[in-house]
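Q: Next come the chains, spelled out residue by residue.
Protein chains: 2
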Amino acid sequence: MAPAADSPISPPSPTSGAALTKAGQKAILTQTISNDSPTITDLDASKLTSTRITSPKAVPAPDSPEVWSQSVATDHMLTCRWTESAGWEAPEIKPYGALSIMPTASVLHYATECFEGLKAYRGDDGRVRLFRPDRNATRFLRSATRISLPGFPPSEFLELLKQFVGYDAPRWLPHNGDFLYLRPTIIGTSPALGIQKPKEALMYIIGVCFPPLGDPKAVPATGGTGMGAEAKGAAGMKLLASKHDMIRAWPGGFGNAKVGANYGPSLVAQAEARDRGYNQILWLFGEECFVTEAGGSNFFVLWKTKEGGLEMVTAPLEDGVILEGVTRASVIDIVREKLPDVNVVERKFTMEEIMQADKEERLIEGFGSGTAFFIAPCSDIHFRGVDVVLPLGKGVEAKYAMAIKGWLQDIMYGRTKHEWGVVVEEQHE
Amino acid sequence: MAPAADSPISPPSPTSGAALTKAGQKAILTQTISNDSPTITDLDASKLTSTRITSPKAVPAPDSPEVWSQSVATDHMLTCRWTESAGWEAPEIKPYGALSIMPTASVLHYATECFEGLKAYRGDDGRVRLFRPDRNATRFLRSATRISLPGFPPSEFLELLKQFVGYDAPRWLPHNGDFLYLRPTIIGTSPALGIQKPKEALMYIIGVCFPPLGDPKAVPATGGTGMGAEAKGAAGMKLLASKHDMIRAWPGGFGNAKVGANYGPSLVAQAEARDRGYNQILWLFGEECFVTEAGGSNFFVLWKTKEGGLEMVTAPLEDGVILEGVTRASVIDIVREKLPDVNVVERKFTMEEIMQADKEERLIEGFGSGTAFFIAPCSDIHFRGVDVVLPLGKGVEAKYAMAIKGWLQDIMYGRTKHEWGVVVEEQHE
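Note that the protein sequences, when read in sequence, are chains A and B. At position 60 of the first sequence (counting the first as 1) the number is 60 in our numbering, and the numbers step up by one without a gap. At position 285 of the second sequence (counting the first as 1) the number is 285 in our numbering, and the numbers step up by one without a gap.
These are calculated hints, taken from the structure and not from any lab test. Treat the hints loosely; a few may be bogus.
For chains that are exact copies, the list does not tell them apart, and a pair is met inside one copy or across any two.
[Stated by the list, open to error] Result set (EDC-like, lysine to aspartate or glutamate): computed pairs, CA atoms no more than 20 Å apart in a straight line:
{"id": "1", "residue 1": "K306", "residue 2": "E360"}
{"id": "2", "residue 1": "K199", "residue 2": "D275"}
{"id": "3", "residue 1": "K348", "residue 2": "D275"}
{"id": "4", "residue 1": "K399", "residue 2": "D319"}
{"id": "5", "residue 1": "K243", "residue 2": "D63"}
{"id": "6", "residue 1": "K94", "residue 2": "D410"}
{"id": "7", "residue 1": "K47", "residue 2": "D275"}
{"id": "8", "residue 1": "K304", "residue 2": "D319"}
{"id": "9", "residue 1": "K199", "residue 2": "E272"}
Isolated chain A (complex conformation) (with noise of 0.2 Å):
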């Protein structure tokens, strides 16, 4: 791990996963979308303009009810405007307020938006730090595209996503250990009933206040999250496994794009499993009842093989059902580095190896990983009427899981310099 990654100026790594080669990763980065023409602008982040709040809120408190009603944004927002015969105008950071949207505008009818979700830490050292946020740049262009929304070059995304971070952490990150959610988004703003590509958009990026989710030990201050981290004490995730006849992603669809039509039609399965007790949906897929997700979140198993081998398996990404989780490809990666005896394995796998392993007493961990869960270990599965109880479930410690997910933030809070780590520089008043 080359030291310099970690230095506020160096550029972003290139990273080490799996699902894409690094070549394809800097074809990504220095891409950009539908600028055919000269006179049509590019995102350029050498343009941005700020203009400080006059009075600033109440940063609340790390545990408080405002804090669990994730609906605290940060005193500023950047925002950019693109239109077709342009391309995009010089971004800005702003005071945080409502948009202006037309009542036809594409993004209300047509669900033309596609967003992101990192976190920004306090670590230790008192430095603010993203976790490979290149990734996180290459998947929202991916998606944006996938969407029909403007292109943009990855790296000017990224360099964006680092003036907003350092313009509101001084204020918003006050204590080493703080984190900090941000939500870059690009919405179709055209005003015209048309179903076409957007000829207008707006990127904007935020940042929220965030509970420690999926954390055994959080209790919340307010009944309703809505992330169902409340349920049954939080001692570990219940999951309800999705129906038959309520599927969330399907091949040729676009299960691995993160854009709201992967979000709301989910909606309805997952009150009802809060309903029922549980916090997440399991999705499954397929007659076959592949496992694919845990909520918004990858999940992965881990057992002993009928051979005695430790194997630990996650749904593959080829067939475009899955999202490509940034937290996915760090589990991956670190296990590969700091687990060799475990053979990490990407492929198709059915309920019903989950409860034949069951069975026989294979089952050793299961767990989410997402940016808002984080390492989320898995306690019950529920599946049509069988309760498949895990070794947590049964007040065994989720060793793995917390291993992983241990290493995984002393690299977020930089206790271990990391290229997967990347400093971000403040701008104090």
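Position chain B against the provided structure of chain A, taking the given hints into account.
A: Here is chain B on its own, set in the frame of chain A:
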């Protein structure tokens, strides 16, 4: 047909459609969802208030560039706010203008949005009519429920829709033969990033000037309508069959709900079709290449059977992959009534069957049916290297499609008294 149904004071008529029984429709029409608490208020049209605009805009001419832009709304909009704690507030008609939406709003991230599309027609007798609006009302409720937005009594919504049309029709439908496109919409407005059922929502109804899309005689005044009507002179609709790696909807998904999530993800394929000179994508499903929808319209094929009979086929509703179109139901009903020699069949059918019928010279017509394009005869289908030229593409008039269009138009414009034509009472200043 009871003439009373054509009276402005009659309630919405139950329809004779095959998809929902009368009892089933009535159950939905009187249904009220999510109002467990007596303190929560249901949608109530009697509470409607209105504020008239002081300086009305100019109404664009029927075939002008403004109309082809599909972006000119009428002077007013109807809005109604909902919150989980208090239910529906009093609806209001007010000047049309931008909505104020927080950057964290559910609709901008999770596609919690649904809509309807129907038209208001100024009839030959000078009266304004809606076409089977009770069907739109019940479907609107079903879409809202599918995407976790609040429910409402469809009868109250229908009353609000009539009030809105009655308010703006005097200025915006000045001449007999004019029509206006209506777009009822519900969006999730909760300003919180938790992935959950929205706790706040906004219903709104707008009226937008639409060009005569799908009319072979119509020539757009501007280059891009986004609807593809301008491609290749529009003598007939040219369809590009979808590729195996791009699928619109899936059983257990949400293809039968009018939610944004069905539209945004289809724009990439649609843009490719336009670039290649086609009007719309013909959406196929599965390895069998079942024919499902054409663009945003339902799709019908008329052919001679091998036994020599006349058959009109369209995809079935059962597996939830296609939208339950109001025009689709009306085509089925009117053909059964007017053309007893044509056997109307709702069943799965394949591209192979179309190609076989073409080869054996049994193919008579193909057409899309929907509100925006109405009845749009098809001249060509390109299917993975094969061009299927329908009789229309060889200069044979699409007589059946034109007859169906005429019968339905006669109801819409009040030439034929029919319970499907629902008169709206206008409010003159």
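Q: Against this structure, judge whether each hint is valid.
A: Comparing the hints with the structure gives:
no.: 1; hint: K306 with E360; result: within (9 Å within a copy, 58 Å between copies)
no.: 2; hint: K199 with D275; result: between (41 Å within a copy, 16 Å between copies)
no.: 3; hint: K348 with D275; result: neither (29 Å within a copy, 37 Å between copies)
no.: 4; hint: K399 with D319; result: neither (31 Å within a copy, 44 Å between copies)
no.: 5; hint: K243 with D63; result: neither (35 Å within a copy, 49 Å between copies)
no.: 6; hint: K94 with D410; result: neither (33 Å within a copy, 55 Å between copies)
no.: 7; hint: K47 with D275; result: neither (49 Å within a copy, 33 Å between copies)
no.: 8; hint: K304 with D319; result: neither (26 Å within a copy, 40 Å between copies)
no.: 9; hint: K199 with E272; result: between (38 Å within a copy, 16 Å between copies)
The structure shown violates the earlier hints numbered 3, 4, 5, 6, 7, 8.
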